[in-house]
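Starting from the known structure of chain D, fit chain E onto it as the hints suggest.
Okay, here's what each chain looks like letter by letter:
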Amino acid sequence: MDAGASTVTDQAKVELHGAAVLAAIKASGVEYILSVPDIVTSAGLLRPIARDPALRLVRVCKEDECIGIASGLHYCDKRALILIQYTGFLDSINAIRAVAVEYQQPICMMIGLLGHEPERAPAQSGRYGVRILEPILDAMGIAHDLISQDSDVAKVQPAIDNAYARSLPVALLIGRRPLPPG
Amino acid sequence: MMKRDDCFRILARHVTDEIVIASYSSAAEWSELNPRALNYFSVGAMGLASSHGLGLALGRPDKRILVLDGDGSLLMNLGSLVSIGAAAPKNLMHFVCNNGTYEANGSHPIPNPNVDFSGMAKAAGYAQCHDFSELASFEQQIGHVLGQAGPVFATLKVERSKPLTYDYPALYAADKRKALKAALAMRGE
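These protein sequence lines are chains D and E, in that order.
For the first sequence, position 103 (counting from the first letter as 1) is numbered 529 according to this note's numbering, and the numbering increases by one without interruption.
For the second sequence, position 93 (counting from the first letter as 1) is numbered 1524 according to this note's numbering, and the numbering increases by one without interruption.
Think of the hints as simulated: they come from the structure by calculation, not from any bench.
It is possible that part of the hints are untrue.
As the list claims (entries may be wrong) - Under the rule of at most 16 Å between Cα atoms (straight-line distance), these lysine to aspartate or glutamate pairs were calculated in the EDC-like manner:
(1) Lys1609/E <-> Glu528/D
(2) Lys1607/E <-> Asp564/D
(3) Lys504/D <-> Asp1493/E
(4) Lys1609/E <-> Asp503/D
Said to hold, decoys possible - Now the stretches of chain D that chain E is said to cover, found in silico as 3 or more residues with beta-carbon under 8 Å:
(5) 480-488
(6) 536-550
(7) 578-589
From a predicted model like this one, the values you see are computed outputs, not experimental measurements.
Yeah, the Cβ is synthetic: ideal placement off N, Cα and C, and Gly gets one too.
For reference, chain E alone in the conformation it holds in the complex:
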């Protein structure tokens, strides 16, 4: 079992000009670890991170899109796995942090904490699917995973984190949306 923030610290070392879409607990931790204009937090409705990612992946095939999803969130939008599998964007990398709980809503358990997300993604048509539960393995393989042609899916088996501060107004602030739009409009971005 891993800690989500440890995974994100490792992931951050590999992130350069990717667009990173993070939701809820992942957003709270990623925004603290790696604040940057190319972070996308205006997901808004629970479950939609993967759909935002599909839109960005289609609109910017020249850039890699990393979705940092939650298990409770993805369960609310499982159909998106099929839509992404069908659209098959090569530049979409979809990570789900699987801690078995609705962490942002009181850490109540998801209906089945043992659900096989990577298996569902594989069946839905993702090109590459992975499961990670050991940090050393994740650290060793993440570079290779990020280099694969997508859509790529990876389940990160993580513990519940320490209590987080969810400052949604700050995450979703209009200036962040403007900064992202401006960064994407810049030549080379």
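Excised from the complex, chain D in its bound form:
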């Protein structure tokens, strides 16, 4: 009983603050956010982004549109971050295969893991769709990082910088609902 309570208390301290993630996105030079809403990142990221005058939010109807838009922006030396749910990533795999992987475009994706249990690794998730994500990314040769607590936020800027430096895609997997500011 005590041990269980302690675990709950410890886990309660593990948080992911949207403001920290947003600061890292902006520090990486991203000007455009391309998005279909995702409930995992809705309150902690997408709503603050929509209010932020330093970022230009492009709302699209379907996630694969983001892949083309980001590629077009890259030709203009503009950085973009795609903010979507993992279901949208799965739906966009052919576009990612062609544009991001085969044509070596720096497509940066921030992907909410709907239904993921933050205390588990994604590969151990009870959700089939979450469990298969990292193996799919590995099979496609796409670099990925898990962002599920504040200490992970330090990975964001280097991942985006590396993607643009090497002209390769990257996936940042959001494993916990980021807390909204305030």
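Structure of chain E alone, referenced to chain D:
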């Protein structure tokens, strides 16, 4: 009814420093008619030409962006009409060549060859929408159309073309991507 290559020959006379994004059959014909660094063929996944165009239009508001789409392709990305209508880039011109078939995949018919693409674009928020089925009319009006504030949409009613050669590796070659990036980085481009 027009021929796509005739339309493109007329269009080419008006193209100077625009970025031209062409997909599949349009890419095969445009690349032959008007090879230039500011052509963008790395569309990759069917349907995405209009989305690539939106990205370029947002990133380079100082340049006109011409998308040469296909009807089968656009049907795979109809939502992009709404996204473009909402973003409303004034420098985006979106042409769809409507021959009623998936020409690059065996010329099978699209589900409804009579679909009203310009009507859908208008409803989605494009500023100007046009339909052309006569070459003389297209030739007379294209200069005016290209001068309109976008997003502009035009349906080109065209026949199926002669059999085309689809050399995708050449169209999508890395040197073309590098040439486009370099051309866009040049002062004045």
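Do the hints match the structure? See the list:
1. Lys1609/E <-> Glu528/D: With Cα atoms ~14 Å apart, lysine 1609/E and glutamate 528/D stay inside 16 Å; holds.
2. Lys1607/E <-> Asp564/D: Distance of about 28 Å is beyond 16 Å: violated.
3. Lys504/D <-> Asp1493/E: Given that 16 Å is the threshold and the Cα spacing comes to 14 Å, the pair holds.
4. Lys1609/E <-> Asp503/D: Distance of about 13 Å is within 16 Å: holds.
5. 480-488: Since 6 is at least three, the answer is holds.
6. 536-550: Result for this restraint: violated, n = 0.
7. 578-589: violated (count 0)
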